[in-house]
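Letter by letter, the chains look like this.
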Amino acid sequence: MATTSPPAQAPDVRVVPDEQDRSSSHLYVSMGPQHPSTHGVLRLKARIDGERIVDVDPDIGYLHRCFEKHSEQLTYPQIVPYTDRCDYLAAINNELTFALAVEKLLGLEVPPRAQYLRVITMELQRIASHLIAFGTFAMDLGATTAFLYCWRERESIINLLEEISGARMLFHYVRIGGVRNDVTDDWLRRVRAFVDDFISDKLPQYHRLITGNRLFVRRTKGIAVLTPEDAIAWGASGPVLRGSGVARDLRKVEPYCGIEKYDFNVPVGENGDVFDRYMVRMLEMEESAKIIKQALEGIEAGDVMAPLPRRWKVEGETYVRTEGPKGEVGCYLVGDGSDKPYRLHWRAPSFVHLQLIPVISKGLLIADLVAVIGSLDPVFGEVDR
Amino acid sequence: MSLDLISFIVLGIITLVSGYLVVASANLMHAALFLGLSFVGVAGIYLVLGAEFLAAAQILIYVGAITTLIVFGIMVSNLQDLKAGGRGVWARVVRNLASFRRGLVPLVAAAGFAILMLVIYRQSLWPAEAPPASGSNLATVGRLLFTEYVVPFEIASVILLAAVLGAVALSRRDDQPPAGSTGQAAPAAERKEGR
Amino acid sequence: MQLEQSLVQWVGNLYAAGLSWWTSLGIPEWVWVALMAVLKGVAVLTFLLLNVLFLIWLERKVAGRIQRRPGPMHHGPQGIFQTLFDALKLVIKEDIIPSQADKWVFITAPLVMIAPALMIWVVMPFGPDLIARDLNVGLLYVSAVSSFSILALIMAGWSSNNKWSTLGAMRSAAQMISYEIPLGLALVAVGMLAGTLSLKGIVEAQQERTWFLLLQPLGFLVFIVAATAEINRAPFNLPEAESELVAGFNTEYSGFRWGVFFVAEYANLLFMAGMAATLFLGGWSGPAFLPPFLWWLLKTYLFVFLIMWVGWTLPRIRVDQLMELGWKFLIPVGLANIALTGVFVILT
Numbered sequence: 048m049a050t051t052s053p054p055a056q057a058p059d060v061r062v063v064p065d066e067q068d069r070s071s072s073h074l075y076v077s078m079g080p081q082h083p084s085t086h087g088v089l090r091l092k093a094r095i096d097g098e099r100i101v102d103v104d105p106d107i108g109y110l111h112r113c114f115e116k117h118s119e120q121l122t123y124p125q126i127v128p129y130t131d132r133c134d135y136l137a138a139i140n141n142e143l144t145f146a147l148a149v150e151k152l153l154g155l156e157v158p159p160r161a162q163y164l165r166v167i168t169m170e171l172q173r174i175a176s177h178l179i180a181f182g183t184f185a186m187d188l189g190a191t192t193a194f195l196y197c198w199r200e201r202e203s204i205i206n207l208l209e210e211i212s213g214a215r216m217l218f219h220y221v222r223i224g225g226v227r228n229d230v231t232d233d234w235l236r237r238v239r240a241f242v243d244d245f246i247s248d249k250l251p252q253y254h255r256l257i258t259g260n261r262l263f264v265r266r267t268k269g270i271a272v273l274t275p276e277d278a279i280a281w282g283a284s285g286p287v288l289r290g291s292g293v294a295r296d297l298r299k300v301e302p303y304c305g306i307e308k309y310d311f312n313v314p315v316g317e318n319g320d321v322f323d324r325y326m327v328r329m330l331e332m333e334e335s336a337k338i339i340k341q342a343l344e345g346i347e348a349g350d351v352m353a354p355l356p357r358r359w360k361v362e363g364e365t366y367v368r369t370e371g372p373k374g375e376v377g378c379y380l381v382g383d384g385s386d387k388p389y390r391l392h393w394r395a396p397s398f399v400h401l402q403l404i405p406v407i408s409k410g411l412l413i414a415d416l417v418a419v420i421g422s423l424d425p426v427f428g429e430v431d432r
Numbered sequence: 106m107s108l109d110l111i112s113f114i115v116l117g118i119i120t121l122v123s124g125y126l127v128v129a130s131a132n133l134m135h136a137a138l139f140l141g142l143s144f145v146g147v148a149g150i151y152l153v154l155g156a157e158f159l160a161a162a163q164i165l166i167y168v169g170a171i172t173t174l175i176v177f178g179i180m181v182s183n184l185q186d187l188k189a190g191g192r193g194v195w196a197r198v199v200r201n202l203a204s205f206r207r208g209l210v211p212l213v214a215a216a217g218f219a220i221l222m223l224v225i226y227r228q229s230l231w232p233a234e235a236p237p238a239s240g241s242n243l244a245t246v247g248r249l250l251f252t253e254y255v256v257p258f259e260i261a262s263v264i265l266l267a268a269v270l271g272a273v274a275l276s277r278r279d280d281q282p283p284a285g286s287t288g289q290a291a292p293a294a295e296r297k298e299g300r
Numbered sequence: 454m455q456l457e458q459s460l461v462q463w464v465g466n467l468y469a470a471g472l473s474w475w476t477s478l479g480i481p482e483w484v485w486v487a488l489m490a491v492l493k494g495v496a497v498l499t500f501l502l503l504n505v506l507f508l509i510w511l512e513r514k515v516a517g518r519i520q521r522r523p524g525p526m527h528h529g530p531q532g533i534f535q536t537l538f539d540a541l542k543l544v545i546k547e548d549i550i551p552s553q554a555d556k557w558v559f560i561t562a563p564l565v566m567i568a569p570a571l572m573i574w575v576v577m578p579f580g581p582d583l584i585a586r587d588l589n590v591g592l593l594y595v596s597a598v599s600s601f602s603i604l605a606l607i608m609a610g611w612s613s614n615n616k617w618s619t620l621g622a623m624r625s626a627a628q629m630i631s632y633e634i635p636l637g638l639a640l641v642a643v644g645m646l647a648g649t650l651s652l653k654g655i656v657e658a659q660q661e662r663t664w665f666l667l668l669q670p671l672g673f674l675v676f677i678v679a680a681t682a683e684i685n686r687a688p689f690n691l692p693e694a695e696s697e698l699v700a701g702f703n704t705e706y707s708g709f710r711w712g713v714f715f716v717a718e719y720a721n722l723l724f725m726a727g728m729a730a731t732l733f734l735g736g737w738s739g740p741a742f743l744p745p746f747l748w749w750l751l752k753t754y755l756f757v758f759l760i761m762w763v764g765w766t767l768p769r770i771r772v773d774q775l776m777e778l779g780w781k782f783l784i785p786v787g788l789a790n791i792a793l794t795g796v797f798v799i800l801t
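Residue numbers (my numbering), protein chains in the order written: chain R, 48 to 432; chain X, 106 to 300; chain B, 454 to 801.
Simulated from the structure, these hints should not be mistaken for laboratory data.
Heads up, simulated BS3-like pairs for lysine-lysine below, C-alpha to C-alpha not over 27 Å straight-line:
#	chain 1	residue 1	chain 2	residue 2
1	B	K616	R	K409
2	R	K268	B	K781
3	R	K249	B	K514
Produce the complete structure using the sequences and hints provided.
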């Protein structure tokens with residue numbers, strides 16, 4: 048847990064006006080929403096001096112689809128696939144968060160085999176999500192090749208998950224009360240083979256290609272430093288928080304799915320710069336692989352689905368959070384005793400992290416701004432919901 | 106009529122017309138670009154006259170460096186001011202010629218200068234024709250620069266060095282706090298202008 | 454070797470015969486000379502454009518192999534005709550000029566870009582007799598003509614009236630001015646060693662001694678880095694850094710005009726590779742089992758591949774680091790190399 052306390056007052060962040068101020072020598076540029084490296088539909092309003100950023104202000108909302116309000120019209124099982132579409136690069140983690148919240152209100156006990164499968168799929172998904180974060184980040188820095196290498200491994204993961212869920216992106220595999228399908232021993236063996244290969248061959252490849260590259264290091268070290276105090280004050284979580292040196296991982300703090308039984312480390316960065324955030328993700332992939340291996344050894348036979356109530360009567364209020372690949376994925380759920388939630392609020396880590404852009408990117412170059420976005424790894428499905 | 110003469114006439118027309126348009130263009134950017142074109146025309150004339158070294162140096166320095174610098178300077182200045190004059194070129198030419206200050210005076214001055222040049226050329230003892238190409242005029246230029254004209258050559262280089270240093274010193278912005286965590290003294294844009 | 458020489462001889466005879474026939478018709482000689490010059494230009498142009506078509510295909514194939522994918526595969530064996538169809542597509546696309554653009558500058562910029570990219574080939578020696586014109590100021594001509602492209606980029610960026618284009622143009626101007634200097638310094642050292650600025654003379658000097666790569670390792674280093682930056686190839690592709698500046702100076706260009714920029718870029722790539730081969734690897738010279746032209750082509754494509762390989766592996770350098778590399782490393786090294794070369798020339 049963090050020992051540092053938040054600062055007395057939040058840093059001053061001004062809102063950048065929408066048009067060019069003729070009296071100033073600064074240039075106003077609108078980066079996005081159709082820009083190659085804003086990871087979706089982010090628009091950054093920036094005032095620049097030469098190529099140096101004076102002020103930057105993220106503008107969101109281009110992908111809003113009323114997820115939270117829509118959920119109030121759906122029954123609980125119907126909501127699950129919609130949660131997939133929040134962080135669409137880490138669907139399993141979203142489903143899991145929602146399922147855990149409903150299970151908590153219902154008091155459902157999930158069978159042990161389902162717990163293991165949840166851990167395996169969730170960590171596979173974490174690797175897949177970090178792969179994309181790494182690949183797009185490298186591409187933002189101009190190293191296009193790494194991107195396609197990441198795609199290769201992500202493809203393997205997707206193939207594995209497709210086999211058990213039938214979908215390639217929005218899996219809808221973790222359900223309320225367990226998981227959708229049981230898996231075969233052969234599938235488990237192939238997961239094992241993938242993980243072994245990933246750790247021994249593929250991950251070192253990435254490090255050889257990118258991490259040790261001097262151009263890469265010079266472009267990422269010391270750039271956009273996020274102090275631990277700022278990180279906490281702005282509500283950062285996940286790799287962004289840990290990159291700043293705060294060792295907080297919800298899998299350790301508030302374990303779920305029996306993750307407390309596993310042996311894994313929480314990698315943290317030292318300086319809180321772009322490089323540290325990148326490195327934390329790279330190291331986390333290793334830890335995820337470690338967790339998957341342990342789960343594959345411990346997995347036991349049994350049911351994968353708890354018996355569900357015939358009539359859904361969900362009552363009460365809860366907030367459940369899990370450690371998604373991007374950070375803390377939270378689900379605040381209020382049930383009024385019917386089969387539809389009274390209110391659902393989704394806490395999206397990307398949304399929180401976007402606020403950091405003005406904080407850490409003042410005085411940087413445009414090229415760095417791109418690196419900053421890449422290192423925060425936002426996904427706009429969950430920013431705008 | 107020979108190829109050389111035709112080339113000379115064509116290049117001359119290009120040079121003169123673009124030279125006029127430098128003055129006549131309302132758009133500063135266009136003026137600078139026409140300036141570049143007239144430099145190219147002059148370089149072409151050098152080439153026709155067999156002065157290859159001079160032609161290459163002309164393009165390298167006047168087009169590659171000077172025009173680029175001017176254009177660059179225009180580009181980083183406020184774009185709004187440059188779009189002021191939107192009237193057609195010819196309308197302005199007529200208007201200018203009709204006015205005394207902008208029409209007659211420059212014309213008289215130009216005519217006087219032309220007459221002066223003609224007189225000088227007619228009376229001078231300079232060889233009227235280019236000396237026969239002596240194999241490599243590059244070697245000749247090099248030899249002259251390092252023997253007969255070595256002192257002016259070196260003085261010129263020292264002056265240029267001083268100018269470069271002065272430009273760097275002038276364009277440094279010390280009042281700005283070091284931006285970002287990279288500890289740069291000045292943004293890259295300023296630094297390249299300073300050279 | 455034999456074949457090529459006899460071919461050149463045959464062309465020479467044809468030329469003389471044609472000239473005498475022409476003058477017998479009573480038309481002045483200069484018309485014939487001008488016609489032949491145009492023909493020569495067309496020949497070089499055809500060679501160049503064919504190469505560019507091939508290069509674009511090669512780039513995509515090399516990139517594909519590096520990124521473990523096949524690259525273009527339809528349209529002909531191994532997708533060899535892909536660029537041809539791409540070019541056709543570009544030609545028939547709608548011609549868009551932004552309404553707020555400075556129309557004439559916008560239209561001229563691609564021409565100013567492509568003209569030097571083609572003009573520069575005048576001095577490239579493809580073989581002992583295969584050279585359009587062996588200028589005795591060859592190296593100077595190269596650096597002079599290549600300085601045009603800065604102007605073209607600025608024109609394109611400025612006239613588009615787009616902030617990203619302008620930023621790209623500013624970057625490119627800064628980059629190309631900065632890297633022209635080390636490039637020039639590397640060329641000077643080569644000229645000193647060869648005792649001539651004629652490219653043909655430089656190749657012959659290398660035949661007498663040895664490849665300048667061995668005599669000029671520092672100069673070669675400076676040259677290849679500066680040349681990569683000069684032609685805006687990755688990791689120095691800042692003027693068109695797609696992840697930062699959308700598409701840099703050519704953001705607003707599309708269709709045929711964009712294609713012209715593209716062709717110029719590849720023509721420059723080929724030229725710089727050809728220069729590297731000519732200045733440092735002995736150009737056309739090589740054992741007699743291959744004709745000189747093929748030797749030149751082979752060495753050139755070696756460098757083309759090298760530049761592509763580097764480009765598809767490394768991340769992009771940042772704009773201030775680019776300036777630092779140019780001014781704080783390449784220029785001092787280039788100057789030191791000139792001093793060393795001077796000592797070397799005096800001693801030997």
